[in-house]
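Q: Quick note, the sequences are listed as chains A and B, same order. First residue of the first sequence: 0, per numbering that gives the first Met the number 0; consecutive thereafter. First residue of the second sequence: 0, per numbering that gives the first Met the number 0; consecutive thereafter.
Hints are computed from structural coordinates only; laboratory data are not their basis. Mixed in with the good hints, there may be bad ones.
[Said to hold, decoys possible] Lysine to any residue pairs mimicking SDA-like chemistry, simulated, CA-CA at most 20 angstroms apart:
{"#": "1", "chain 1": "A", "residue 1": "Lys74", "chain 2": "B", "residue 2": "Asn78"}
{"#": "2", "chain 1": "B", "residue 1": "Lys74", "chain 2": "B", "residue 2": "Ile98"}
{"#": "3", "chain 1": "B", "residue 1": "Lys11", "chain 2": "A", "residue 2": "Ser20"}
{"#": "4", "chain 1": "A", "residue 1": "Lys96", "chain 2": "B", "residue 2": "Lys97"}
{"#": "5", "chain 1": "B", "residue 1": "Lys74", "chain 2": "A", "residue 2": "Val2"}
{"#": "6", "chain 1": "B", "residue 1": "Lys74", "chain 2": "A", "residue 2": "Gly4"}
{"#": "7", "chain 1": "B", "residue 1": "Lys74", "chain 2": "A", "residue 2": "Asp34"}
{"#": "8", "chain 1": "A", "residue 1": "Lys11", "chain 2": "B", "residue 2": "Lys102"}
{"#": "9", "chain 1": "B", "residue 1": "Lys74", "chain 2": "A", "residue 2": "Thr76"}
{"#": "10", "chain 1": "A", "residue 1": "Lys74", "chain 2": "B", "residue 2": "Val118"}
{"#": "11", "chain 1": "B", "residue 1": "Lys102", "chain 2": "B", "residue 2": "Ile1"}
{"#": "12", "chain 1": "A", "residue 1": "Lys112", "chain 2": "B", "residue 2": "Ile73"}
{"#": "13", "chain 1": "B", "residue 1": "Lys102", "chain 2": "A", "residue 2": "Asn78"}
{"#": "14", "chain 1": "A", "residue 1": "Lys96", "chain 2": "A", "residue 2": "Ser20"}
{"#": "15", "chain 1": "A", "residue 1": "Lys74", "chain 2": "B", "residue 2": "Ile73"}
{"#": "16", "chain 1": "A", "residue 1": "Lys11", "chain 2": "B", "residue 2": "Gly26"}
{"#": "17", "chain 1": "B", "residue 1": "Lys97", "chain 2": "B", "residue 2": "Glu123"}
{"#": "18", "chain 1": "B", "residue 1": "Lys11", "chain 2": "B", "residue 2": "Ile98"}
[To be verified] What the simulated footprint calls covered on chain A by chain B, stretch by stretch (three residues with Cβ under 8 angstroms from a Cβ of chain B suffice, anywhere in the stretch; the number is not a length):
{"#": "19", "stretch": "17–25"}
{"#": "20", "stretch": "45–52"}
{"#": "21", "stretch": "58–71"}
{"#": "22", "stretch": "94–105"}
{"#": "23", "stretch": "108–118"}
[Unchecked claim] Derived coverage of chain B by chain A (criterion: at least 3 residues anywhere in the stretch with Cβ under 8 angstroms from a Cβ of chain A; other residues may be distant):
{"#": "24", "stretch": "10–23"}
{"#": "25", "stretch": "26–39"}
{"#": "26", "stretch": "45–56"}
{"#": "27", "stretch": "66–76"}
{"#": "28", "stretch": "103–109"}
Quick reminder that beta carbons are idealized off the backbone N, C-alpha and C, glycines included.
There are 2 protein chains.
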Amino acid sequence: MIVAGDSASRTKTFSDEDVRSFANISGDNNPIHLDDEYAAGTQFGQRLVHGILTSGLISAVLGTQLPGPGSVYIKQTINFRAPVYIGDTITATVTAKKIREDKPIATFETVCKNEAGKVVINGEAVLLLPTE
Amino acid sequence: MIVAGDSASRTKTFSDEDVRSFANISGDNNPIHLDDEYAAGTQFGQRLVHGILTSGLISAVLGTQLPGPGSVYIKQTINFRAPVYIGDTITATVTAKKIREDKPIATFETVCKNEAGKVVINGEAVLLLPTE
Chain A
0 MIVAGDSASR TKTFSDEDVR SFANISGDNN PIHLDDEYAA GTQFGQRLVH GILTSGLISA
60 VLGTQLPGPG SVYIKQTINF RAPVYIGDTI TATVTAKKIR EDKPIATFET VCKNEAGKVV
120 INGEAVLLLP TE
Chain B
0 MIVAGDSASR TKTFSDEDVR SFANISGDNN PIHLDDEYAA GTQFGQRLVH GILTSGLISA
60 VLGTQLPGPG SVYIKQTINF RAPVYIGDTI TATVTAKKIR EDKPIATFET VCKNEAGKVV
120 INGEAVLLLP TE
């Protein structure tokens, strides 16, 4: 039984191999993720982890920890607040905000921070909760 | 120069290997994605492609086609409307809806459909456009 305020988190360091693997399976081979020389000439100065790959860490917490297996993703909003560079260590935290009384549906605040504590992604997720 | 109505799309068939690879790099090893026996006992009856992996196809169109390299992701909303099964062929389409006049920021409608034409994901993306 989930109550408002329940929270779970997970931390991962995103490697060059992760980024190349995600480029391969998603088809997103934008050079900002893959090409050092191109990235050096952008406002970011170096290659970035795909935003959707970073947000996969939120999905991992939701799908395996809170609410966990049996839940069904209904909606996710993702605000990309700051760049994530190759090698950054990201912590995704999900916190239950609202649990509907009429249906097993809950809204979670979803945040990713880098190791400096800076918010790189925030937003909300809505999930159908597992029912036994 | 992007104008409202501009559209781009991309199609991909999501394989078991894609799903296992995404589970590995995201850490989302929810059994609904990986375990045939578990999945058979759920409302879906079979394993699902991770929703965030499917939405990576939207990110691929935005990052490589429209608006393409040099654009910066500001926001993505994702409504998960129907399940995506292993082996489904998904087409992601992005369509420019609003281009701001004061800043190089555009809003795109983002939709994924399966091969039967059913909407599996819809939502909106906001991006900072490349400026020369």
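Q: Does each hint fit the structure? Answer for all of them.
A: Status of each hint after checking the structure:
1. Lys74/A - Asn78/B: 5 angstroms, holds
2. Lys74/B - Ile98/B: Roughly 15 angstroms separates the two Cα atoms, so the pair holds.
3. Lys11/B - Ser20/A: 16 angstroms, holds
4. Lys96/A - Lys97/B: The hint is violated at about 31 angstroms.
5. Lys74/B - Val2/A: 28 angstroms, violated
6. Lys74/B - Gly4/A: 25 angstroms, violated
7. Lys74/B - Asp34/A: Cα-Cα ~24 angstroms, so violated.
8. Lys11/A - Lys102/B: 35 angstroms, violated
9. Lys74/B - Thr76/A: This hinted pair holds, its Cα atoms lying about 8 angstroms apart.
10. Lys74/A - Val118/B: Roughly 14 angstroms between the alpha carbons, so the hint for Lys74/A and Val118/B holds.
11. Lys102/B - Ile1/B: OK: Lys102/B and Ile1/B at ~13 angstroms, within 20 angstroms.
12. Lys112/A - Ile73/B: With a Cα-Cα distance of about 16 angstroms, the restraint between Lys112/A and Ile73/B holds, given a limit of 20 angstroms.
13. Lys102/B - Asn78/A: Cα-Cα ~18 angstroms, so holds.
14. Lys96/A - Ser20/A: With a Cα-Cα distance of about 33 angstroms, the restraint between Lys96/A and Ser20/A is violated, given a limit of 20 angstroms.
15. Lys74/A - Ile73/B: 17 angstroms, holds
16. Lys11/A - Gly26/B: 9 angstroms, holds
17. Lys97/B - Glu123/B: Holds, because 11 angstroms separates the two Cα atoms, which is no more than 20 angstroms.
18. Lys11/B - Ile98/B: Since the Cα atoms of Lys11/B and Ile98/B sit roughly 28 angstroms apart, the hinted pair is violated (cutoff 20 angstroms).
19. 17–25: holds (count 6)
20. 45–52: holds (count 4)
21. 58–71: That given contact holds, which follows from 8 residues of the stretch 58–71 of chain A lying within Cβ reach (below 8 angstroms) of chain B.
22. 94–105: violated (count 0)
23. 108–118: With 0 residues closer than 8 angstroms to chain B, the stretch 108–118 of chain A misses the three-residue bar; violated.
24. 10–23: holds (count 5)
25. 26–39: holds (count 8)
26. 45–56: holds (count 7)
27. 66–76: Check passed, 9 qualifying residues.
28. 103–109: violated (count 0)
Violation of the numbered hints given earlier is confined to hints 4, 5, 6, 7, 8, 14, 18, 22, 23 and 28; the remaining hints are satisfied by the structure.
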